[in-house]
Amino acid sequence: MMIETTDRLFLTSKLIRIVISAVLVLQLTLFVSAEEREKKADKNAEAAQRLFDAHVAAIFEQHCVKCHGDRKKRNKLDLRSMQSIIAGGVSGTPVKAGKPAESLLVEVLDPNHEDRMPPEGKGRPLNNDEKHLIGEWIKKLPSPENWDVEENKHQVQMTTRWWDKPMQLPAMSRSGQDVINELIKAGYAKRGVAPSNVIDDATFVRRLYIDLVGRIPTVEELQAFVQRQEPDKREKLVDELLASKAFGEHFAEQFDILLLGRPEKDHLYRRRDERGWKSFLVQSFNENKPWIETLSRMLIARNESKETRGANYFLTRHRSDHQQMAEAVSIAAFGLDIQCAQCHDHRISHEIKQADYWGLISIYSLSQNVGTKHGEDLAELAYAKPVQYADLKGKSYRPALAFLDGRTIGEQPKEEPKEHSPEDYITAPKFEGKEKKIKNFARPKVSRREMFVEKIVKESPRTSLAMVNRVWALLVGRGIVHPVIKIDSAHQPSHPELLKWLADDFAKHDYDVKRLVKQIVLSQTYQLDARPLGTPAPAEAFAYGLKKPLSAEVLHRSMLVATHGKTDVENTQLLAQVRELFPDLLPEEHNSKPGQALFFTNNPAIQMLVSAQPGNLTERLKGLKSHPDRVKQAFLSVLGREPDQQEMDEAVAYLKAREDRLDDGLEQLVWALLGSAEFRLNH
Amino acid sequence: MKKKHVQQLNQPAGYCGSPEHTIHRRQFLEGLAGAGSVSVASYAGLFSVKAFAEQAKKEGKHCILLWLCGAPSQFETWDPKPGRPTAGPFGSMKTKLPGHHFSAMMPQCASIADKLNIIRSMKTAESEHFQGISLLNRGDKPRPPFVRPTLGSVIGKQLGQLDSPIPNFILLDPCPEGNEYRAFKAGNWAGWLGAEYAPVRVGGQYQLKDVVKPDTISELDHEERETLRRFLSKKFENETKSAAAKSHNAVFERVKGLMSCADLFDLEKVDAKDRARYGPGTFAQHTLLARHLVENGAPFVMVSNGMPWDCHVFNNEIHQLLVPELDRVIYNLVTDLEERGMLDKTLVVAMGEFGRTPWINIARGRDHYPNAWSMMMTGCGLKRGVVHGETDINGVDVKSEPIDQRRLFATIFSALGIDPHAEYDIPTLPDFRRVEENAEPVKELLA
Chain U
1 MMIETTDRLF LTSKLIRIVI SAVLVLQLTL FVSAEEREKK ADKNAEAAQR LFDAHVAAIF
61 EQHCVKCHGD RKKRNKLDLR SMQSIIAGGV SGTPVKAGKP AESLLVEVLD PNHEDRMPPE
121 GKGRPLNNDE KHLIGEWIKK LPSPENWDVE ENKHQVQMTT RWWDKPMQLP AMSRSGQDVI
181 NELIKAGYAK RGVAPSNVID DATFVRRLYI DLVGRIPTVE ELQAFVQRQE PDKREKLVDE
241 LLASKAFGEH FAEQFDILLL GRPEKDHLYR RRDERGWKSF LVQSFNENKP WIETLSRMLI
301 ARNESKETRG ANYFLTRHRS DHQQMAEAVS IAAFGLDIQC AQCHDHRISH EIKQADYWGL
361 ISIYSLSQNV GTKHGEDLAE LAYAKPVQYA DLKGKSYRPA LAFLDGRTIG EQPKEEPKEH
421 SPEDYITAPK FEGKEKKIKN FARPKVSRRE MFVEKIVKES PRTSLAMVNR VWALLVGRGI
481 VHPVIKIDSA HQPSHPELLK WLADDFAKHD YDVKRLVKQI VLSQTYQLDA RPLGTPAPAE
541 AFAYGLKKPL SAEVLHRSML VATHGKTDVE NTQLLAQVRE LFPDLLPEEH NSKPGQALFF
601 TNNPAIQMLV SAQPGNLTER LKGLKSHPDR VKQAFLSVLG REPDQQEMDE AVAYLKARED
661 RLDDGLEQLV WALLGSAEFR LNH
Chain F
684 MKKKHVQQLN QPAGYCGSPE HTIHRRQFLE GLAGAGSVSV ASYAGLFSVK AFAEQAKKEG
744 KHCILLWLCG APSQFETWDP KPGRPTAGPF GSMKTKLPGH HFSAMMPQCA SIADKLNIIR
804 SMKTAESEHF QGISLLNRGD KPRPPFVRPT LGSVIGKQLG QLDSPIPNFI LLDPCPEGNE
864 YRAFKAGNWA GWLGAEYAPV RVGGQYQLKD VVKPDTISEL DHEERETLRR FLSKKFENET
924 KSAAAKSHNA VFERVKGLMS CADLFDLEKV DAKDRARYGP GTFAQHTLLA RHLVENGAPF
984 VMVSNGMPWD CHVFNNEIHQ LLVPELDRVI YNLVTDLEER GMLDKTLVVA MGEFGRTPWI
1044 NIARGRDHYP NAWSMMMTGC GLKRGVVHGE TDINGVDVKS EPIDQRRLFA TIFSALGIDP
1104 HAEYDIPTLP DFRRVEENAE PVKELLA
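Residue numbers (our numbering), protein chains in the order written: chain U, 1 to 683; chain F, 684 to 1130.
Bound conformation, chain U alone:
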C-alpha cells in the first residue's frame, strides 16, 4: 500500500515512475555486476558501522580509549571511531577486514600475548562476549580496496579542527565580494546547481534595509533609491545605511539576543538598557570598534568608564554562577555550545572535552559579583580553592587553566593559601562575614580573565571564524557552519575556504565589522533572487536568496512602517507580544507556530494597526480615487512592490464586494498583506 494514493494524479505519476525505472533497469543490466559489488560493499560497511556504533564503540570506550583516545594516543592509535581505527597507529591498521584471527587488535586481547591489552594492571581482559562482538565487527568490515585510507586519515584530522587542514585560499589582497562570488560559484559547480538571477533595485533596497537597519523601507525611501541614477548606487546605499545610527541599534539588538538569549520576562529587556549593556553594544557597532575590543571588554569585565561599563553586564548577570559564565563566554567568543561537556567529553564532537568545560570554569572561578556604587561589578581574586570535577565513572580531576585546542594559561595551584597577600593585588580584596564575601572591586596583578583573553581568545582562529560566521548567517540567512553555535568537528562548513578566508581577512583588518558587512552585502551571493531556478538546491549551496524570517523586533518595526510609514507609533501591547511569540533568531530550523497565526488573526494589537486611523495606511487608501490605486498603494507600502495582474484583479474584486463598507474592506486588504508569508520573510 502507498501512502497518499489519494487521487489519480498521484497514481499516474507513480505508474510513470515505475515504467521509467523499469526501462532504466533494462539499460543498466550490463553494468549490474560492478554496481552490485559496490552496493554489497556499501551494505557491509553500513552493517559494520552499525555494529560498531551499537556495541564495539562502547567496549573500546570502557577498556581502551583511556590510552587510545582523546587524553592519550598511545602508539598514535585512536580507537574512538571506525575511521580512526582504520587510519591506524604506529603498527599500521590493527584490523584485517573479514579476518579477526589475523587482526592485531584481536591478537593482543589474548591474556598470554606479550603486548596484552589492556596491559597488566590497567584493566581486566575482555570477556568472550566482548571479543565475539569485536570479531563479528571485523568480519563485516569491507575489504581494504573499499577503504579510502587517505580519505579516512583526512577525516580523522577533520574531527579535530577543519580549519587547520591545508587549504588553497585566494590571495589576501583580493576584495571580499570577489572572493565570496568565486568560492560560492565553485560550490555550484561541485554541487551541480545553478544560481538564481541577481535581484532588481526594489528588492535589493528592501532586503538591505531589513538586514542593516532592521525594518522595511518606507515607500518614499524605496522609490528614491529606485530613481537614483548612479551606477554604484547599491554600494552608496550600503555606506549610507552603515553610517546611520539605526545600523548600530539593529546590530546591538541582534547581538544582545545572540549573546545573552532572550530574557524570560519582558521587563528584563529594560534591565539590559538600564545596565548600559545595550548602549555599550550600540556604541561598539556604530563607532565600529574592532570586534576583538568589544569582545575583550565583555570577557574581562573590568570596565570603569561610563561608555563601556555596560559590557560588564555580560558576566555580572550570571551572579557568580561560573558554569553559566563559561557557557556564555564560549558561545560569544568561539560560537561553541559546550553545555554537553559538563558531565562527559562530547560524544559526537570529540575535540570538546569535559576538561575544557571545567578549564574555562576554572579561569572564571576567581570572579565574584560585588555591589559597587555603579551597581554590580565583577571582582577577581588572585587565588581560590581549586576547581575539581568528576567524570561519570566518579573519577575526580583538577582541570588545567585551559580552553580548547590545548591552549592554556597555566595550572591551578594545588591549595588555596590561607591569607590573601596584598602584594598579589592591584586592588586587594576586602572580605566580610563568615562566608568571606568580597565587598570591593578587587583586582589581582595576575588576572586569569585577562590572560584568557590575551593568550587564548586573541590567539585562537576560532574568534574570527565565529564572528564572521555569525555575521554571514545574519545577512545571508544561514551560517557557513550551521547552526552558528556549533563551530565544532561535527558540523562541517559548507564552504571552508570561504569562511577561512573571510576570517583571516577580518582579523587582518582589525576585526572591522562594517567592512565585513559591506563585503557580504555587495557580493552576488547576497543579492540573489529568492526564487530558486527549478528544484531548490540545498540551502547550504547559497544558490538563491534564502528566506529569512524577520526577528520579533524587525517584524514589529516593519509592521509599523508598513501601516503608519514610521516607527514611533503608540501601540504598547504589540512589541511585548511579538517578542513572546516570535522569539527565534538564527534557529537551526525555522518552524512557525499556530499561536503566531492566531495572534495575527485575532489579536487586538494587530487590529489596531490595520483599522483606519488618522494618518495610517488604511485611512490614506480611502482617500485615493480608484480601487486599483488603493491596491497598488497597499502593495507598495506593505510588500514594497506593485501587484501583478492577477493579484490586482483579486484585490480589486475583494474591494468591490465591500463598497458598502469600504473601511472594512481596506482594513482587511492591509491585514491580508501583513499576514502573508511575503511580509513575514526577508527575501
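Hints listed in this document are in silico derivations from the structure and should not be mistaken for laboratory results.
A few of these clues could be false.
[Said to hold, decoys possible] Straight-line distance between alpha carbons at most 30 Å, and here's what the computed DSS-like set of lysine-lysine pairs gives:
(1) Lys139(U) <-> Lys824(F)
(2) Lys892(F) <-> Lys593(U)
(3) Lys929(F) <-> Lys185(U)
(4) Lys265(U) <-> Lys924(F)
(5) Lys593(U) <-> Lys924(F)
(6) Lys455(U) <-> Lys430(U)
(7) Lys131(U) <-> Lys824(F)
(8) Lys265(U) <-> Lys892(F)
(9) Lys289(U) <-> Lys458(U)
(10) Lys924(F) <-> Lys185(U)
(11) Lys929(F) <-> Lys140(U)
(12) Lys1082(F) <-> Lys99(U)
(13) Lys824(F) <-> Lys486(U)
(14) Lys764(F) <-> Lys593(U)
(15) Lys190(U) <-> Lys892(F)
(16) Lys632(U) <-> Lys896(F)
(17) Lys395(U) <-> Lys952(F)
(18) Lys892(F) <-> Lys566(U)
(19) Lys952(F) <-> Lys593(U)
(20) Lys518(U) <-> Lys924(F)
(21) Lys1082(F) <-> Lys656(U)
(22) Lys924(F) <-> Lys486(U)
(23) Lys939(F) <-> Lys593(U)
[Stated by the list, open to error] A short, non-exhaustive set of chain U residues, derived as facing chain F with CB atoms under 10 Å:
(24) His55
(25) Asp200
(26) Tyr383
(27) Val387
We put the CB at the ideal spot given by N, CA and C, even for glycine.
Once you have looked at the hints, place chain F on chain U.
Same frame as chain U, but now just chain F:
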C-alpha cells in the same frame, strides 16, 4: 458562543466550520479561475486537500503516548529483579498475571496487569538523550538531510483529517526546560510530512491565546480576508518554493479549528472528581486532559513533563516520587478508557527513550541503558495481559528476541491499522518507508 463550539465538535469528524465558509471558498476559487490571466493548474495545492476517508479514519482510532522523558528505570517499574544485586530497595509484587511481578511501587497497575502488555526485551541503539529521544519518536536513526516525522505526526496524519477543528497531533507539556528534550521540542517534529503535521503544544504557560474573533469584524469577513491572505501568501510560497513560507501558511490553516475547539484544552472545565482521581501533578492532570481530548476526537495526544526521569543521581528517591504517579495515571487512564468503551479504539503507549543501568553509580543513580529495557502498551489492536520478552537474571541483557525501535513502531502502526511498510510517496524523497527494512511487528501482541 461557547455552546456553538460544542455543537461544532459534535459534528461528524472532518466537518469544518461554518457552511458559509465552504460555499464561499468554492465561489472564490471559481472567481479566481475565471480571472483568466493565469492557468488553473497553478492553483493546485492552493487550498487544503479534500478529506479522504481511509479505513482507520472512519473507525475513529486514537493514540495516547505517555512520553516518560529522561528514561525511567525498568527495575523500578515493569521488570523488577527481587533479591538480585541489581534490584534496588523497592521490592516487587505479584500482579493479576500469574508468574509476573511489577515493582512494588506499582500496585494499581499490578491489579490490572491483565489489561496491559509489557515488552521486557527492548534493545535499542542510542544511549544519549537527544539521539534516543529522536530514535524513539521517529523510529529510526537520522539520515541527513532528511528528517523523519515523529510518531505523532505520522499517526496524526493517518488517523486525523487535515481540516478537522481539533489538532491531529497535540503535545501536552508544560515544561519550558528539559535539557536535551528542550532542544528536541524546538526542532522539526513533522519532518518531511510538513509543518501542518507538527504538534500543537499546550500546557502550563503554553496556552492557546487569541482564540476569539474580534468584535469589529463579521464572521463572513473574518473568513474572507483569510481567504484573500491565503491566496497572496500561497502564491508567494509557490513562486519561491520556500519551506519557511510553507510553514507560515500551514499554521494559518490551523486557526479556524483551534478557535472552535479552544475550550477543550481548558483543564478547569474537566470534571473535578476526575481531576482528584488522577492526582495533583501536571503529568497526571495532562494525562486526564489527553483522555478528554481523545474523547472529543483528537487522534494523537502526547503527554510529557520536561525530562524528569533522568536519574543519574538519587535514582531511588526520584523513582519514589515519579513511579506512584505513573502507576496511578496508567491505572486511571486504562480503566477510564475501558469503561467508556474506548480502549478498543485507543492505543496507549508508555515509554522513555531507553532504560537504566543494572548497576548503581557512585552518586546512587542509574545511568543510560539502551541494551535491555521495558515499555508498556495496550488498547487498540492489541491483546491484553501479554508480557513479551525477558531479561536475564540480573537484567543485564535480553534473553531472546530483542525488540528494537523499528519492530516497536511496526507494532504500533499495525495495532492502529496503519500499514507499517508503506512507502512515502513524496517527490523529493528517496525511498523511505514508515518502518524500514520490513521490520516485523511483534505478532504476539497483536490482537
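Going down the list of hints, with the structure as the test:
The straight-line distance between the Cα atoms of Lys139(U) and Lys824(F) is roughly 23 Å, inside the 30 Å bound, and the hint therefore holds. For the hint linking Lys892(F) to Lys593(U), the alpha-carbon distance of about 12 Å falls within 30 Å, and the restraint holds. At roughly 28 Å between alpha-carbon atoms, Lys929(F) and Lys185(U) fall within 30 Å of each other, so this suggested pair holds. A hinted pair counts as satisfied when its Cα atoms are at most 30 Å apart, and Lys265(U) with Lys924(F) does not qualify at roughly 36 Å.
The suggested pairing of Lys593(U) with Lys924(F) holds, with an alpha-carbon distance near 19 Å, which does not exceed 30 Å. About 29 Å separates the Cα atoms of Lys455(U) and Lys430(U), which keeps this hinted pair within 30 Å; it holds. The hinted pair formed by Lys131(U) and Lys824(F) meets the criterion: a straight-line CA distance of about 26 Å does not exceed 30 Å. Among the hinted pairs, Lys265(U) with Lys892(F) is consistent with the structure: their alpha-carbon atoms are about 18 Å apart, no more than 30 Å.
Taking the CA atoms of Lys289(U) and Lys458(U), the gap is about 15 Å. The hint holds against a cut of 30 Å. Simply put, Lys924(F) and Lys185(U) have alpha-carbon atoms about 22 Å apart, close enough for the 30 Å limit, and the pair holds. At roughly 44 Å between alpha-carbon atoms, Lys929(F) and Lys140(U) are farther apart than 30 Å, so this suggested pair is violated. Restraint check for Lys1082(F) and Lys99(U): satisfied, since their Cα atoms lie roughly 28 Å apart, inside the 30 Å limit.
Distance check on the hinted pair: Lys824(F) and Lys486(U) sit about 21 Å apart at the alpha-carbon level, within 30 Å; holds. Restraint check for Lys764(F) and Lys593(U): the C-alpha separation of about 45 Å exceeds 30 Å, so the hint is violated. Restraint check for Lys190(U) and Lys892(F): the C-alpha separation of about 48 Å exceeds 30 Å, so the hint is violated. As the CA atoms of Lys632(U) and Lys896(F) are separated by approximately 28 Å, the hinted pair is consistent with the 30 Å bound.
The hinted pair formed by Lys395(U) and Lys952(F) fails the criterion: a straight-line CA distance of about 53 Å is larger than 30 Å. Between Lys892(F) and Lys566(U) the CA atoms are separated by roughly 28 Å; this keeps the pair inside 30 Å, and the hint holds. Restraint check for Lys952(F) and Lys593(U): satisfied, since their Cα atoms lie roughly 25 Å apart, inside the 30 Å limit. Restraint check for Lys518(U) and Lys924(F): satisfied, since their Cα atoms lie roughly 28 Å apart, inside the 30 Å limit.
As the CA atoms of Lys1082(F) and Lys656(U) are separated by approximately 75 Å, the hinted pair breaks the 30 Å bound. With a CA separation close to 27 Å, the supplied pair Lys924(F) and Lys486(U) stays within the 30 Å bound. Between Lys939(F) and Lys593(U) the alpha-carbon distance is near 14 Å, which keeps this suggested pair within the 30 Å criterion. The closest approach between the C-beta of His55(U) and any C-beta of chain F is roughly 9 Å, which is under the 10 Å cut-off, so the hint is satisfied.
A cut of 10 Å between beta carbons decides the hint on Asp200(U): the least distance to chain F is about 15 Å, and the hint is violated. Interface restraint check: Tyr383(U) against chain F, minimum CB-CB distance 29 Å, threshold 10 Å, status violated. Residue-level restraint check for Val387(U) is violated (minimum Cβ-Cβ distance to chain F is 19 Å; threshold 10 Å).
In summary, the structure is inconsistent with hints 4, 11, 14, 15, 17, 21, 25, 26, 27 from the numbered list given earlier, while agreeing with the others.
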